[in-house]
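> First to last, the protein sequences are chains V and X. Take any residue in the first sequence, count from 1 to its spot, add 431: that is its number in our numbering. Take any residue in the second sequence, count from 1 to its spot, add 13: that is its number in our numbering.
Fair warning: there could be bad hints in the mix.
To be verified - To give an idea of the chain V side of the interface with chain X (calculated C-beta under 10 Å), a few residues:
#1 C467
#2 I469
#3 I484
#4 S485
#5 L486
#6 V489
#7 N492
#8 K509
#9 K510
#10 G512
Keep in mind the hints are simulated off the structure, nothing from the lab. The structure presented is a predicted model; accordingly, all values stated were derived computationally and were not measured. Beta carbons: idealized from backbone N, C-alpha and C, even for Gly.
What follows is the residue order along each chain.
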Amino acid sequence: MKFLNFFLVILIIFTFNILKADEIKIQNKITKNLRCLICQGQSVYDSDSEFAISLKLVVKNKIEEGFTEDQIYKFLTKKYGEWILYDPQFNKNTYFLWFLPLLIFLFGGAIILKKLIKIKK
Amino acid sequence: MKNRIVYFFLVIFLIFVFVIFYRGLSNSNLYTPNTDIKSIPEFTSETFFKKKTLNSKDIFNNNKFYLLNIWASWCVPCRNEHSLLINLGKSEKIEIIGLNYKDNFNNAEKFINELGNPYSTILIDRDGTKAIEWGAFGIPETFLIYENKIIKRYIGPLNSKLVDEIKNYIK
Numbered sequence: 432m433k434f435l436n437f438f439l440v441i442l443i444i445f446t447f448n449i450l451k452a453d454e455i456k457i458q459n460k461i462t463k464n465l466r467c468l469i470c471q472g473q474s475v476y477d478s479d480s481e482f483a484i485s486l487k488l489v490v491k492n493k494i495e496e497g498f499t500e501d502q503i504y505k506f507l508t509k510k511y512g513e514w515i516l517y518d519p520q521f522n523k524n525t526y527f528l529w530f531l532p533l534l535i536f537l538f539g540g541a542i543i544l545k546k547l548i549k550i551k552k
Numbered sequence: 014m015k016n017r018i019v020y021f022f023l024v025i026f027l028i029f030v031f032v033i034f035y036r037g038l039s040n041s042n043l044y045t046p047n048t049d050i051k052s053i054p055e056f057t058s059e060t061f062f063k064k065k066t067l068n069s070k071d072i073f074n075n076n077k078f079y080l081l082n083i084w085a086s087w088c089v090p091c092r093n094e095h096s097l098l099i100n101l102g103k104s105e106k107i108e109i110i111g112l113n114y115k116d117n118f119n120n121a122e123k124f125i126n127e128l129g130n131p132y133s134t135i136l137i138d139r140d141g142t143k144a145i146e147w148g149a150f151g152i153p154e155t156f157l158i159y160e161n162k163i164i165k166r167y168i169g170p171l172n173s174k175l176v177d178e179i180k181n182y183i184k
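In isolation and in its complexed conformation, chain V is listed as follows:
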């Protein structure tokens, strides 16, 4: 019986560890996608400025409160504007940004196709 109890305690501790690890993983993922607004070219994850330290804490608290990744992004864009996200969302300001690579790809494809047709002839 004693052994069983001991085993159970160990088991519980290990499951909590896994939960915690997951939380840290998602916290790092989120903070890597956040721009540190007062640093130059650094993410919140990389930075040790006062602002970034606080923001990491906020993200951690929000995860503990049960917020999902998207909800955290939404919360922060509401406070700081979309500039805080490294991964810009798809909206009317970013159509050009998102479609430009596709356009260039199609353009390149067209050039190649034209050349191929020419060679065949």
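Given chain V, put chain X in place with the hints provided.
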């Protein structure tokens, strides 16, 4: 003929790029966020002297202008704007609330004793999370509030011109 067209487009393209980058030179690289925060965020915080827990709802509830000022004793620009705040605090129409950002209690107390206390209430933000609720990212930062709405936000220290602007609002 074909070469000339290519050449022509290349020149146009280079001019286009040059104009864009040249115009970019004069853009400010200081970022001010365009936030959607119109109403005051909800939070609870401890007060500085009495250590009482206050909810944000209980602070900004009078029919009055409020000025929320985020400050710290280690912040040099805060020291410079402090005399302006004391001046502004003399007015009956406005109440100045301080948010002490990531500070050591003794240092903050010394700061207040040395320079005077313009704040009717000082709230404590030990870990900086409450400032984030306000969408602040650097201090000092000041918010002018009326009827639970943020009317105006000042990033950076106040100067006499901005104080005049605030005085115009509260007239």
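> Does each hint fit the structure? Answer for all of them.
Verification of the supplied hints:
1. C467: Holds: closest Cβ of chain X sits about 9 Å from V:C467, inside 10 Å.
2. I469: 6 Å, holds
3. I484: 7 Å, holds
4. S485: Hint holds; V:S485 Cβ to chain X Cβ min 3 Å, cut 10 Å.
5. L486: 6 Å, holds
6. V489: 5 Å, holds
7. N492: 7 Å, holds
8. K509: 5 Å, holds
9. K510: Result: holds, 4 Å to nearest chain X Cβ.
10. G512: Given a least distance of 4 Å, the restraint on V:G512 holds.
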